[in-house]
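Participant: The primary structure of each chain is shown beneath.
Protein chains: 2
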Amino acid sequence: MGTYKRGRQSFVPAQPPVIAAWASVAGKKESEGPLAGCFDVTEQDSYFGQKTWEQAEKRMQQLALETLAKKAGLDENGFDLVFSGDLLNQCIGSSFSLRNTGIPHLGLYGACSTMAESLLLSAMAVSGGFFDRVVAMTSSHFASSERQYRFPLGYGGQRTPTAQWTVTGSGAALVVPQGNGPKIEACTVGTVQDLGIKDANNMGAAMAPAALDTICAHFQDTQTSPADFDLIVTGDLGQLGKDLLLRLAEERGVQLGGKIADCGCMVFDNTKQDVHAGGSGCGCSAITLCGRLLGELNSGKLKKILFCGTGALLSPTSTQQGLPIPGVCHAVAISGRSN
Amino acid sequence: MGTYKRGRQSFVPAQPPVIAAWASVAGKKESEGPLAGCFDVTEQDSYFGQKTWEQAEKRMQQLALETLAKKAGLDENGFDLVFSGDLLNQCIGSSFSLRNTGIPHLGLYGACSTMAESLLLSAMAVSGGFFDRVVAMTSSHFASSERQYRFPLGYGGQRTPTAQWTVTGSGAALVVPQGNGPKIEACTVGTVQDLGIKDANNMGAAMAPAALDTICAHFQDTQTSPADFDLIVTGDLGQLGKDLLLRLAEERGVQLGGKIADCGCMVFDNTKQDVHAGGSGCGCSAITLCGRLLGELNSGKLKKILFCGTGALLSPTSTQQGLPIPGVCHAVAISGRSN
Numbered sequence: 010m011g012t013y014k015r016g017r018q019s020f021v022p023a024q025p026p027v028i029a030a031w032a033s034v035a036g037k038k039e040s041e042g043p044l045a046g047c048f049d050v051t052e053q054d055s056y057f058g059q060k061t062w063e064q065a066e067k068r069m070q071q072l073a074l075e076t077l078a079k080k081a082g083l084d085e086n087g088f089d090l091v092f093s094g095d096l097l098n099q100c101i102g103s104s105f106s107l108r109n110t111g112i113p114h115l116g117l118y119g120a121c122s123t124m125a126e127s128l129l130l131s132a133m134a135v136s137g138g139f140f141d142r143v144v145a146m147t148s149s150h151f152a153s154s155e156r157q158y159r160f161p162l163g164y165g166g167q168r169t170p171t172a173q174w175t176v177t178g179s180g181a182a183l184v185v186p187q188g189n190g191p192k193i194e195a196c197t198v199g200t201v202q203d204l205g206i207k208d209a210n211n212m213g214a215a216m217a218p219a220a221l222d223t224i225c226a227h228f229q230d231t232q233t234s235p236a237d238f239d240l241i242v243t244g245d246l247g248q249l250g251k252d253l254l255l256r257l258a259e260e261r262g263v264q265l266g267g268k269i270a271d272c273g274c275m276v277f278d279n280t281k282q283d284v285h286a287g288g289s290g291c292g293c294s295a296i297t298l299c300g301r302l303l304g305e306l307n308s309g310k311l312k313k314i315l316f317c318g319t320g321a322l323l324s325p326t327s328t329q330q331g332l333p334i335p336g337v338c339h340a341v342a343i344s345g346r347s348n
Numbered sequence: 010m011g012t013y014k015r016g017r018q019s020f021v022p023a024q025p026p027v028i029a030a031w032a033s034v035a036g037k038k039e040s041e042g043p044l045a046g047c048f049d050v051t052e053q054d055s056y057f058g059q060k061t062w063e064q065a066e067k068r069m070q071q072l073a074l075e076t077l078a079k080k081a082g083l084d085e086n087g088f089d090l091v092f093s094g095d096l097l098n099q100c101i102g103s104s105f106s107l108r109n110t111g112i113p114h115l116g117l118y119g120a121c122s123t124m125a126e127s128l129l130l131s132a133m134a135v136s137g138g139f140f141d142r143v144v145a146m147t148s149s150h151f152a153s154s155e156r157q158y159r160f161p162l163g164y165g166g167q168r169t170p171t172a173q174w175t176v177t178g179s180g181a182a183l184v185v186p187q188g189n190g191p192k193i194e195a196c197t198v199g200t201v202q203d204l205g206i207k208d209a210n211n212m213g214a215a216m217a218p219a220a221l222d223t224i225c226a227h228f229q230d231t232q233t234s235p236a237d238f239d240l241i242v243t244g245d246l247g248q249l250g251k252d253l254l255l256r257l258a259e260e261r262g263v264q265l266g267g268k269i270a271d272c273g274c275m276v277f278d279n280t281k282q283d284v285h286a287g288g289s290g291c292g293c294s295a296i297t298l299c300g301r302l303l304g305e306l307n308s309g310k311l312k313k314i315l316f317c318g319t320g321a322l323l324s325p326t327s328t329q330q331g332l333p334i335p336g337v338c339h340a341v342a343i344s345g346r347s348n
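Top line first, the protein sequences correspond to chains A and B.
Sequence positions in the first sequence follow the numbering used here and run 10 to 348.
Sequence positions in the second sequence follow the numbering used here and run 10 to 348.
Be aware that one or more of the hints could be misleading.
If chains are identical, the list can't say which one is meant, so a pair holds when it fits in one copy or spans any two.
Said to hold, decoys possible - Here are the simulated DSS-like pairs of lysine-lysine, each with C-alpha atoms no more than 27 Å apart in a straight line:
(1) LYS281 <-> LYS313
(2) LYS207 <-> LYS60
(3) LYS80 <-> LYS313
(4) LYS79 <-> LYS14
(5) LYS14 <-> LYS80
(6) LYS37 <-> LYS60
(7) LYS14 <-> LYS37
(8) LYS37 <-> LYS80
(9) LYS60 <-> LYS310
To be clear, the hints were calculated from the coordinates, so they are not data collected in a lab.
Could you put the whole structure together from the sequences, leaning on the hints where they help?
Facilitator: Put into structure tokens, the structure is as follows:
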């Protein structure tokens with residue numbers, strides 16, 4: 010039995026598990042942005058050949074898993090376990106994608122932090138010797154999210170300047186005990202932070218305090234600092250949430266060393282794509298990690314990143330009942346192939 | 010690093026983690042049923058002093074966690090990690106209950122299988138040495154579930170004979186590396202099964218095939234049989250789902266040794282409480298386990314049980330879109346104190 014626990018919220022695997030393969034599936038708008046050319050699969054049809062947007066999300070996860078199996082040289086039955094979740098009510102993107110595949114499945118709900126949450130749990134399952142070939146997967150879809158959280162698209166509602174654009178995409182990563190590929194060096198589980206933000210169109214502000222809290226906990230628990238990382242990448246704070254994170258850090262005297270980047274600011278080009286405050290959704294950090302960052306870690310372009318999945322834990326019901334939006338952030342430190 | 014993996018879907022901890030304490034919170038109807046007197050906290054007000062049923066669910070989880078801390082002799086800050094989830098859209102019962110507590114949280118969605126899923130992941134986190142004092146927790150509420158999945162109660166809709174009654178309650182269990190208490194001997198992760206059942210008022214039928222599949226996988230992976238258990242307890246198949254499970258087992262030649270019991274049939278007395286096919290919901294297996302079964306394992310009345318959390322992975326959206334109901338079941342083998 011390993012002794013992996015570090016500090017209050019973190020663990021450091023004695024033998025870092027390896028991300029042996031990764032796959033990304035992206036929609037039309039994502040395929041036209043700064044990450045064009047990074048994705049394994051892109052699709053111009055927002056329905057992905059399905060009858061509904063919810064089923065499109067199921068299809069995206071199926072495509073991500075099929076692509077992952079191909080890239081890993083496994084048949085699909087070769088996966089031992091899938092940790093996955095999504096934003097749809099009752100996570101039907103995830104459960105329907107895995108129907109009758111015979112692959113053991115544990116469902117998660119971490120809102121947009123799910124890519125980090127699933128990676129963290131995959132690291133636990135693999136480095137503890139419980140399962141050997143574990144998949145971390147998630148997805149989101151612009152149209153199903155708008156309908157569920159805000160307004161049906163057909164209303165043509167005006168979006169606020171603080172609004173973010175939910176990414177249509179899915180990412181999946183295969184975690185194994187050893188081999189070639191980026192390594193999961195340490196993980197930090199976040200706590201639920203609620204600072205009273207009530208605007209469902211300004212989720213970056215709701216998540217920024219949680220992001221700062223988890224980043225600080227990671228540094229403290231693992232005795233690291235921004236100098237150990239090339240990038241500290243938050244999931245989907247967007248431009249406003251990122252600015253708020255930097256301001257909060259300054260107010261509290263936390264040094265972030267100019268290392269902060271945000272997937273919500275990387276996935277779209279706001280000067281051309283009119284996404285207001287940036288990208289969001291489970292798919293945002295998933296396709297940025299599985300489309301770009303893991304490749305750059307594998308090629309040596311990046312040496313080490315702190316991947317911080319951020320989640321806004323609201324529901325339309327809690328919003329309608331006038332409640333604030335709690336936020337959470339889970340962090341995974343990933344080193345490049347050469348480390 | 011332990012080598013815990015067994016077979017296709019299971020793991021057996023080298024040192025079985027211990028369930029050191031458990032707590033149950035139940036509503037009015039549950040406190041009038043066969044388990045009356047078993048619960049730590051009962052409440053006659055369906056709102057649990059809150060403004061909405063959703064917030065009542067948050068309050069139930071808070072009460073379960075507070076009671077668990079007291080029974081374990083810890084302050085609430087003494088928990089290292091909480092795995093929890095519920096049936097509400099975006100699991101707001103769980104995330105709101107943990108707001109600003111400072112306790113690390115990983116959110117799950119396993120529908121009514123959540124008590125088993127959270128126990129299984131707690132066993133992984135503890136026996137792998139990642140965290141020391143881990144809580145598995147879930148809840149459900151009759152009124153919030155009816156409103157969300159079927160009809161608002163104010164409609165006075167007629168319930169079908171196959172319908173089950175969502176339990177109002179919350180259960181929480183503390184898993185630690187060693188000490189006194191029931192032990193988690195083995196765990197099996199389920200696969201998502203979809204046999205085409207489309208009736209959202211007959212969820213027992215949708216879950217029964219998944220239950221049988223996971224029970225068989227557990228026996229095969231861990232080289233055990235029904236003779237090793239006093240009870241094989243499914244989560245919330247209800248009377249019809251339980252009958253179907255027994256019929257499916259007979260058709261496939263699976264021996265269950267007369268050991269099957271179902272929390273949905275234990276929690277209410279249908280001759281007096283008019284619940285139709287029995288109890289259901291995350292809270293059903295949670296309060297039966299944390300109200301009765303763990304106590305009986307601890308006292309020696311039960312030697313070993315296979316606790317099988319069953320989940321129907323539907324959403325109102327998937328139902329309205331005419332899709333079938335996938336089912337899942339996760340199993341946790343728990344031995345009594347004396348073993």
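Participant: Indicate, hint by hint, whether the structure satisfies it.
Facilitator: Right, here's what the structure says about each hint:
1. LYS281 <-> LYS313: The answer is neither: 30 Å in one copy and 63 Å across copies each exceed 27 Å.
2. LYS207 <-> LYS60: This pair counts as between: shortest inter-copy Cα distance 18 Å, intra-copy 34 Å.
3. LYS80 <-> LYS313: within (23 Å within a copy, 43 Å between copies)
4. LYS79 <-> LYS14: between (34 Å within a copy, 25 Å between copies)
5. LYS14 <-> LYS80: This pair counts as between: shortest inter-copy Cα distance 25 Å, intra-copy 33 Å.
6. LYS37 <-> LYS60: Answer is within: at 17 Å inside a copy they meet the 27 Å cutoff, but 43 Å across does not.
7. LYS14 <-> LYS37: neither (42 Å within a copy, 41 Å between copies)
8. LYS37 <-> LYS80: Within one copy only: 23 Å inside a chain, 54 Å across chains, cut-off 27 Å.
9. LYS60 <-> LYS310: Answer is neither; intra-copy 41 Å and inter-copy 53 Å both fail.
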